[in-house]
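Number of protein chains: 4
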Amino acid sequence: MTIGASREQGGAGRIRLGMVGGGQGAFIGAVHRIAARLDDQFDLVAGALSSDPARARASAADLGLATERSYGSFTEMAEAEAARPDGIEAVAIVAPNHVHAPVARAFLEAGIHVICDKPMTTSVTEAEALVELVHKTGKLFILTHNYTGYPMIRQARAMVGAGELGEIRLVQAEYPQDWLTERVELSGNKQAEWRTDPARAGSGGAIGDIGTHAYNLAAFVTGLEPEEVLAQLTTFVPGRQLDDDVQVLLRYAGGARGMLWASQVAVGNENGLKLRVYGTKGGLEWLQADPNYLWISRYGEPKQLFTRAGAAAWPEAARVSRVPSGHPEGYLEGFATIYAEAAQAIRAARSGLALGPEILFPTVEDGLAGMRFIAAAVASSKAGGTWVRVR
Amino acid sequence: MTIGASREQGGAGRIRLGMVGGGQGAFIGAVHRIAARLDDQFDLVAGALSSDPARARASAADLGLATERSYGSFTEMAEAEAARPDGIEAVAIVAPNHVHAPVARAFLEAGIHVICDKPMTTSVTEAEALVELVHKTGKLFILTHNYTGYPMIRQARAMVGAGELGEIRLVQAEYPQDWLTERVELSGNKQAEWRTDPARAGSGGAIGDIGTHAYNLAAFVTGLEPEEVLAQLTTFVPGRQLDDDVQVLLRYAGGARGMLWASQVAVGNENGLKLRVYGTKGGLEWLQADPNYLWISRYGEPKQLFTRAGAAAWPEAARVSRVPSGHPEGYLEGFATIYAEAAQAIRAARSGLALGPEILFPTVEDGLAGMRFIAAAVASSKAGGTWVRVR
Amino acid sequence: MTIGASREQGGAGRIRLGMVGGGQGAFIGAVHRIAARLDDQFDLVAGALSSDPARARASAADLGLATERSYGSFTEMAEAEAARPDGIEAVAIVAPNHVHAPVARAFLEAGIHVICDKPMTTSVTEAEALVELVHKTGKLFILTHNYTGYPMIRQARAMVGAGELGEIRLVQAEYPQDWLTERVELSGNKQAEWRTDPARAGSGGAIGDIGTHAYNLAAFVTGLEPEEVLAQLTTFVPGRQLDDDVQVLLRYAGGARGMLWASQVAVGNENGLKLRVYGTKGGLEWLQADPNYLWISRYGEPKQLFTRAGAAAWPEAARVSRVPSGHPEGYLEGFATIYAEAAQAIRAARSGLALGPEILFPTVEDGLAGMRFIAAAVASSKAGGTWVRVR
Amino acid sequence: MTIGASREQGGAGRIRLGMVGGGQGAFIGAVHRIAARLDDQFDLVAGALSSDPARARASAADLGLATERSYGSFTEMAEAEAARPDGIEAVAIVAPNHVHAPVARAFLEAGIHVICDKPMTTSVTEAEALVELVHKTGKLFILTHNYTGYPMIRQARAMVGAGELGEIRLVQAEYPQDWLTERVELSGNKQAEWRTDPARAGSGGAIGDIGTHAYNLAAFVTGLEPEEVLAQLTTFVPGRQLDDDVQVLLRYAGGARGMLWASQVAVGNENGLKLRVYGTKGGLEWLQADPNYLWISRYGEPKQLFTRAGAAAWPEAARVSRVPSGHPEGYLEGFATIYAEAAQAIRAARSGLALGPEILFPTVEDGLAGMRFIAAAVASSKAGGTWVRVR
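Residue numbers (this note's numbering), protein chains in the order written: chain A, 62 to 452; chain B, 62 to 452; chain C, 62 to 452; chain D, 62 to 452.
Treat the hints with care, since some could be wrong.
Repeated chains share a single entry, so a pair holds when one copy, or any two copies, can fit it.
Stated by the list, open to error - Distance condition first, Cα-Cα at most 20 Å in a straight line; then the derived EDC-like pairs of lysine to aspartate or glutamate:
no., residue 1, residue 2
1, LYS342, GLU243
2, LYS443, GLU289
3, LYS443, ASP258
4, LYS197, GLU170
5, LYS335, ASP351
6, LYS335, GLU286
7, LYS251, ASP113
8, LYS342, GLU225
9, LYS342, GLU228
10, LYS197, GLU426
11, LYS197, GLU140
12, LYS335, GLU346
These are calculated hints, taken from the structure and not from any lab test.
Could you build all of it, start to finish, from the sequences and the hints given here?
And the structure:
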């Protein structure tokens, strides 16, 4: 097992990156910046960091952006950067959900690659339009379903793909949290405010915020998308406008079955994303809170505990590892791997070379699949919990 | 914390017990006998141990039963024992599911208390008739949903009852196994043979064998029974006649929601019964494979790990413990607690005394609830996965 | 994997057992009785249950002993039982440590097999005399180092013996508890009273009570006894007369090294007995609180988790299992296995047959080894922590 | 709980950093660079990355260093950088152990702060001289005992300091690995080569490489340094020149006792650094492989599981956290915290301001303490395992 060679890049090798959203007080913007910086493959050189001009300026100063590249709006930024010889090659979109689509359109149309937070849009229609635009422009679109960057998730996907579990029968995905157990959106929690507001978050609460993560992870590992779902979305906290708990049954082509549970009111759970997959020959289990471990069971044999980059780790895990096994990597490293893969893809695009099959990242099509899942689940729940085709 | 005082009883204090089923080669019969013996409160003195006369005789000899009290049929046994001055006071029914109801009727009508394995019957109709008969005869009926005997389950129930978790919102129950991943019922596995045979097991496979356990456990701890369920029962192994996987959504009065999953084909799971309950103030988690632990979370506080009979264990757990904490008790001890509770109930019945509220065991009503759950789940699944009222 | 066939024995097959100690209020006596009863191989028919006559009588009544077989002293009991045609075949000694040796002598000399709690005696001299007497009388002597009865410990021993770990390099044993963190022996805790009293416990506190368990377990699994030890015994609680914490380094023939820690003041530990063994090819790890699991590591391969009676469990584990894997067995079952092995040995002795090599129990020689370990550790500590030969 | 505000710094706020060692093929150099980059507080602008000139040049190009600031030797670099107006403010020393002291001297004397990997030197004499030089020059010396950067270690230290555990009685530290189970230093493993070579690693193998980490961690959390130690250092792998296993007993002033075990041949352990501390009122347990958890036990209460930045995390943990609890942080983040603390200290030094008490990092005195521990342990072992004063 050899862990991934250093990904560090000399000055010219680095990719010029811009950011929309992520000003002072934001959470996910800082995460994207650390992720971009960790492997030294990007230079953040421009931004429209906030819709509030004063906050935008202050945030840009914090980050050491040149004054003239701190923009008042994303449209201005797209236009100006496209016109510069040293303009950004890619933009990271870290604004609330409802802004994702218009920002992405602006930059794609300006010929700039897009790295976008999830969920991709707030409607299937928007998502379909975005798919079309990506195809038309030929630019890259990387969706930061960051859990796909965890090394043991890479190994899980590789093992399923290699038939180690046999034919898949069961997919059990869950993502319990407890941070919305009480109505914290009324007491100044910014993250809670916009995530529980339909105008900014879209038609789904827990389902859009974390349900899609669980859904995407299951699809990434198994390669399966359900044909039909049945959902009950519940709002447990009185007065809240969006669902804070989601229970879904899934039916896959070929007869596999799944369950998915996402909750923001399950006291004692922080970010309990968990995936279990069972096939005719074996099973696997992975837990986001302890991401350096992957349990593999083969029928009739003792369970095996694979560790990231450890003895017998698969090359798919080792390739995206940075430190030896037993030294835990975490959330930021998994996120950074999405950026490292994006960097490879952007560099390949620069030179017109084909991308190796080992380079993996969620695409605009995955974003569309996520939106279709949300729409089907919301429709099912509104109809009282009926089976709805995912399309 | 004081652990339960010795339950041992001198000769006269012991209860005379008979057994139907449980001959050589059976599994659960031996478990019942160990459970009855462990606290020294029962004497096994009579049996109709097998429907095969030779096996019945040989089994009786193994157990040291007097020849004249090894019977060829349960009807003969009920009649003869009722007529003896030293006849059995209670009978343990450990035969396959389809025999439970007729055997129970025979002994109840003969004035003998019944300790019966689960599921109680193979139909709701049979179960309703049994409830009526128990009420009519006034005899005790103890259903061995043995997981209710685990000390930390007693504490979990007590904590929910005391409002420690607030109002219950979510119930997550699961019972994954993997022993039926392949079609072992064709290769001489006796346990698999009858459990996958509708004639002996009833209309439910996994749902009757383990789904009811998960269902009963959730009800025991939370005090809640669902109003509606939606189920998909799946037979994954080609050729098998009954379901080997069960996925259920549950709706409770008052708005609580639940999910239940039971599987016999989830590779890597042995007896993974797990219960999680979440309320407005807290959450709990318990795992049958590690039964001496109970996780309690209170919103905004660090998780607490309660141990059986350990520091701060609740008296409800300590009362049914035998050894100090850190010395694990397991499946047989939990099972024995059902028998110990039964012994207390039978002794109270002997003397006409009322039973203390701390004495707990699953009753004929719980058995009926389980049958109603099975029937509703089977009906829902047959209808393609629709909501069905549990009644 | 087939789990052990039923061990239940018809009336005549059972072994007539007596008990010295274990009257009302005692802990370990009740454990021995459950252990003897669990597999239905013994009948408890006689006892000298307490040195206090009134308590002895009351305890005998509780247990349903015949009045004439409840004795006022162990000498009287040994004599009377030896003279009866239906006298006891074996005696269980569950009195405090300082009584073990004289009681054992009395029964061995009366031709009665002995099952004795640990530590075997309070001095090496007593232990050596006992070894000699056992050899002279030819009776069985079973020392209840009960942890050797755990199925996964049986498998661990078998795997080491089969060379699965290669040549052993390191032995790490520990047994932390916390029940003596404060001076509870002054506040009515009977267990604490005699265990901290040199007159009843001998010269070792923690080292005799739990250190010997850890020592015996390591020896049972690895087959190794150290040549030299260096110990520091500490009494942390002011006023206490015996050590409540023990730290030991061990040197084995051939160059293997070990560490042993036993403590009664390590807050948060209940009965944290843990064994780790490392060799040139592999390692193992086992924890008493979760005894149904055995971790096996082979150099360069992913860790394997073996489960009791589960997939790929070794026959040595399955033979001493009672219920399927995933249904936890615990402390009492492990203890019962010592009794089940004793029963086999006693029955073989009845008939003059040789004992199969699979029948395992700690012997008088193991008891002597334990006493030598205690003596060496106490001597080392008194000398300020120097290397002392174990002999 | 509020997690640490963004640490990102605009261009001018960043600290100019140089590096000695860490060229192509090195492991720890890349780790230091990620750590420096993660919070955006340093610019790497100069280096003497390898003693091999070609490798030095190539490595500098990889990292985008200006050609004229890639030096052929550390002496040249110290001189040249000290002379530049934009010269480095701090140097990171990531070369093998025997080079630490001369490099540190050169930069300190040039007026440049030092960030140095551990163990600090290869002898106590060198270490003492370094302490003196640091005091004389008044420059900062930060030793990267990176485990002190883990948030839950910060909380552990704070809890001990606040008396939550009472008076400390026991310190149990261990650091098992297995990567040197076989003689991999002969088969091209560069890390193994220099770490098992006395000329480059110093007089200690496992004790210097990982034993000091365990020692430093225990001292950081408890505030205690032992007065006496007794050690046995063993070389298990034939032909190896340095110890690959270390067993140590420790005696603290005031009567506390400790055990420390570090091994490179314990098959199945990757980086199993673990710390347990017990006092008169409570205990704690922490495991490097799962660093986001801290177990706290209070006598007579259920165990509590604190999580990094989670409910009820102490501010000392939250201050050095970057992402919400449940999203694991790992080794690189802990390492980055050392750099973030260094940045605060360097900035304070720039402006002549005092450093807040919350800013923590291992110092040159900690490095000396580590060297004294190694020297005492080596001396004890050479003398056959005797008690040696640490001085």
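Results for each hint:
1. LYS342 - GLU243: Result: close only across copies, 9 Å inter versus 43 Å intra.
2. LYS443 - GLU289: Cα proximity of LYS443 and GLU289: in one copy and across copies (15 Å, 17 Å).
3. LYS443 - ASP258: within (18 Å within a copy, 39 Å between copies)
4. LYS197 - GLU170: within (9 Å within a copy, 61 Å between copies)
5. LYS335 - ASP351: both (10 Å within a copy, 17 Å between copies)
6. LYS335 - GLU286: within (18 Å within a copy, 27 Å between copies)
7. LYS251 - ASP113: within (15 Å within a copy, 53 Å between copies)
8. LYS342 - GLU225: This pair counts as within: shortest intra-copy Cα distance 7 Å, inter-copy 26 Å.
9. LYS342 - GLU228: within (7 Å within a copy, 35 Å between copies)
10. LYS197 - GLU426: within (14 Å within a copy, 63 Å between copies)
11. LYS197 - GLU140: within (19 Å within a copy, 57 Å between copies)
12. LYS335 - GLU346: Classified as both; 7 Å inside a copy, 15 Å across copies.
Of the numbered hints stated above, none is contradicted by the structure.
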